[in-house]
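Those protein sequence lines, which keep their order, are chains A and B.
The first sequence begins at 1 in the UniProt record's numbering and counts up by one.
The second sequence begins at 1 in the UniProt record's numbering and counts up by one.
Read the hints as simulated data drawn from the structure, not as lab findings.
Within a straight-line C-alpha distance of at most 20 Å, the following computed EDC-like cross-link-like pairs (lysine to aspartate or glutamate) qualify: (1) 324(A) x 274(B); (2) 177(A) x 80(A); (3) 175(B) x 422(A); (4) 268(A) x 331(A); (5) 324(A) x 224(B); (6) 175(B) x 185(B).
A quick note: this is a predicted structure, and the numbers were derived from the prediction, not measured.
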Amino acid sequence: MTATDLSLLQTQADRRFARKRLMAFALPALVLAYLAYTAVAFDLAGLAQRARWDNAVTLASDSWSYKVHVTRDHRSGGIDYAVEGERKGQYPDDMHPDWVAPGETTVVDLGRDTAVRLLPGNRTEIDIPGFGLFEAHLDGRRIVTNLPQPAPDWASASNTRVALTLPAGRIAITRTKTEVFRYFAGWELFWFTLDSPYHGRSLLDILLGDRIDPARGNLGGAWHDFWYNPMWQHAAVAWAIGETLLMAVLGTFGAALIALPLSFLAAKRFAPLMAVRFAMRRLFDFVRGVDALIWTVVLARAFGPGPLTGALAILLTDTGTFGKIFSEALENVDSRQIDGVAATGAKPLQRIRFGVIPQLVPVLLSQVLYFLESNTRSATIIGAITGGGIGLLLTQAIQTQTNWEEVAYYITLVVLLVMVMDWVSGRLRARLIGRST
Amino acid sequence: MADASHPGTQGVDRIQHAYLAQVARRRLYGGLTLLVFALLMISGFVVADDRNAGGFWDGLSHVGDYPAVVLSEAWEKRADLPALIAKFFPALVETLNIAAVSTLLGAMTAIVLALLSTRGLARWPRMVPLFRRLMDLMRAVPEIVIALVLIFVLGGGPVPAMIAIAFHTTGALGKLFSEVAENADQKPVEGLASTGANWWQRMWLGVLPQVAPNFLSYGLLRFEINIRASAILGFVGAGGLGYELRNAMAWGPGRFDEAAAIFILLFGSIVFFDQLSSRLRNSLTEGQTH
Numbered sequence: 001m002t003a004t005d006l007s008l009l010q011t012q013a014d015r016r017f018a019r020k021r022l023m024a025f026a027l028p029a030l031v032l033a034y035l036a037y038t039a040v041a042f043d044l045a046g047l048a049q050r051a052r053w054d055n056a057v058t059l060a061s062d063s064w065s066y067k068v069h070v071t072r073d074h075r076s077g078g079i080d081y082a083v084e085g086e087r088k089g090q091y092p093d094d095m096h097p098d099w100v101a102p103g104e105t106t107v108v109d110l111g112r113d114t115a116v117r118l119l120p121g122n123r124t125e126i127d128i129p130g131f132g133l134f135e136a137h138l139d140g141r142r143i144v145t146n147l148p149q150p151a152p153d154w155a156s157a158s159n160t161r162v163a164l165t166l167p168a169g170r171i172a173i174t175r176t177k178t179e180v181f182r183y184f185a186g187w188e189l190f191w192f193t194l195d196s197p198y199h200g201r202s203l204l205d206i207l208l209g210d211r212i213d214p215a216r217g218n219l220g221g222a223w224h225d226f227w228y229n230p231m232w233q234h235a236a237v238a239w240a241i242g243e244t245l246l247m248a249v250l251g252t253f254g255a256a257l258i259a260l261p262l263s264f265l266a267a268k269r270f271a272p273l274m275a276v277r278f279a280m281r282r283l284f285d286f287v288r289g290v291d292a293l294i295w296t297v298v299l300a301r302a303f304g305p306g307p308l309t310g311a312l313a314i315l316l317t318d319t320g321t322f323g324k325i326f327s328e329a330l331e332n333v334d335s336r337q338i339d340g341v342a343a344t345g346a347k348p349l350q351r352i353r354f355g356v357i358p359q360l361v362p363v364l365l366s367q368v369l370y371f372l373e374s375n376t377r378s379a380t381i382i383g384a385i386t387g388g389g390i391g392l393l394l395t396q397a398i399q400t401q402t403n404w405e406e407v408a409y410y411i412t413l414v415v416l417l418v419m420v421m422d423w424v425s426g427r428l429r430a431r432l433i434g435r436s437t
Numbered sequence: 001m002a003d004a005s006h007p008g009t010q011g012v013d014r015i016q017h018a019y020l021a022q023v024a025r026r027r028l029y030g031g032l033t034l035l036v037f038a039l040l041m042i043s044g045f046v047v048a049d050d051r052n053a054g055g056f057w058d059g060l061s062h063v064g065d066y067p068a069v070v071l072s073e074a075w076e077k078r079a080d081l082p083a084l085i086a087k088f089f090p091a092l093v094e095t096l097n098i099a100a101v102s103t104l105l106g107a108m109t110a111i112v113l114a115l116l117s118t119r120g121l122a123r124w125p126r127m128v129p130l131f132r133r134l135m136d137l138m139r140a141v142p143e144i145v146i147a148l149v150l151i152f153v154l155g156g157g158p159v160p161a162m163i164a165i166a167f168h169t170t171g172a173l174g175k176l177f178s179e180v181a182e183n184a185d186q187k188p189v190e191g192l193a194s195t196g197a198n199w200w201q202r203m204w205l206g207v208l209p210q211v212a213p214n215f216l217s218y219g220l221l222r223f224e225i226n227i228r229a230s231a232i233l234g235f236v237g238a239g240g241l242g243y244e245l246r247n248a249m250a251w252g253p254g255r256f257d258e259a260a261a262i263f264i265l266l267f268g269s270i271v272f273f274d275q276l277s278s279r280l281r282n283s284l285t286e287g288q289t290h
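So that you can see chain A by itself, here it is in the shape it has in the complex (with noise of 0.2 Å):
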């Protein structure tokens, strides 16, 4: 080996090696400035700016703790108790919390030693740790009270409004009513509202204990006034799961239904004319291509909203991914069994049942499985577009910005149905298929 040899060889690799280097930081450096740019045409400054963090604070505690209103009317004088203050969660007139003592001053017990009194004309007191008593009454169309000016950071008060946010509770005074609300953790009337005879038994009690309600038997009393609970609606809730799920089913299998007799005129061996397998290759491309999402609004508006929708939506978008994929798997079968079955003088049609669909079921199996858990979860997307399904409760209760709860539930719910989805299309396409594939 002569020096220009040598000389030679070192510079390829050198040349090799500054490449190498060149690609460890030019492709980092390029995703770098990619983000960055990202950055700053999705307006991340400005975006830190308009996050509303009290709305997540409000949307992270909601969903897990909700709230007990007692609210006093100024004019009436009258005194009610409500879950989260909406009517399907108000207290019949006989009942009342137990850490409220009813009477001539009625009495709210918050816990931590802060203790709300609502007196005889309008008047409110309130023991605050680490304050001292808290006066307010109304006099005329004025709400006047005895904080010191400034007012402390828990409160705000005005003429016309007072708001106290404590450790315990919130208290608001407006010249129409005083609320107090007091927090508690859980999902509230998750099984029975307060209206139901069942509210506050334990399972034992409705199960093995003595007749509740005497005009029902105790399992099917309690199972009514769980199902159609007015605040949580399971009834409705398991409705909409079902027809997510439905959609799911409907689309992903009718899709393949379609899609297998339809790809053999896409695959070579089986249609001899390029101008049809041209014309379904075409055809393929374009329903897919035109995605679920142009399809919903297409087909929302000739069926309006609903399950069938969102079902024929994901069918067409899926007829033309399997009609691909299966074309693909028609054009790879191997021909030995084809002609074995021919051999035996079958028929075209004996010929495809015998010789080539066997060969096809564990791809179609496995992909239509495959497609079924990833379109229950498109189900729900395409639910909230078009209105049907978990999707549609689902935008219904963040639009209403209070529900958080039932947003959690139902997020709790959507997760679980894909993972069933997920873990039931797994065990069977190990069963099915063989782990091997």
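Please build the complex by placing chain B on the supplied structure of chain A, with the hints as guidance.
Relative to chain A, chain B alone:
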């Protein structure tokens, strides 16, 4: 058994009989399964039809109405179409940006999670099931759930969609990546370990070069899927083409040329990136045996 290896006519008859009986039973079961399946599909269709606002058979004749109106209006104003396409091009770029950033971020997190949850490569072998469940959970959350909640906190715009898609992408890619990494050759890793390389170095230099083509190919496939997802999320208020589409549709007749322009952009870009990514993926996995 000895009978079967030297069968007389009687033996053949018996075997044939048993075989035919078995075939008949198999056909019966197969037929029954098909029947049950068909019944389930039909009843499912009936239920779905029942709970839909409009019926299937009534609607079927009207499927073409909306596209026809949109297309005819777009055709009447076809002179404006190029201008409209140019007008909505920034929205398309935003949709693509959302998809690209979420794929990038999701893939980067997925690589780490996948390596942490691959047997034989994991940094903390005991934590493998934990990371797997974490990926399962991330995969199961539909993008729209996170997007809608984040829109409430962050306001409308591309960032909620980006985070939502990236979250789901992490789970989806993590599972695929982990399956690829499981089949990676352990020898380079062992060689690096013998030189005293730490975990990051072993992964970066020993595993990633082996799996990079497959990772890239899965990443491209995800990008394709994420373009569609980002368009859909736009429809619920997360910016980009989907958002413009909803606005154009809300205006109703008179603005259908805008809807048509958006349809064209969306369809064109989906087909374009489909083709591009399938080309790239084919060249990436070329020469691989599986």
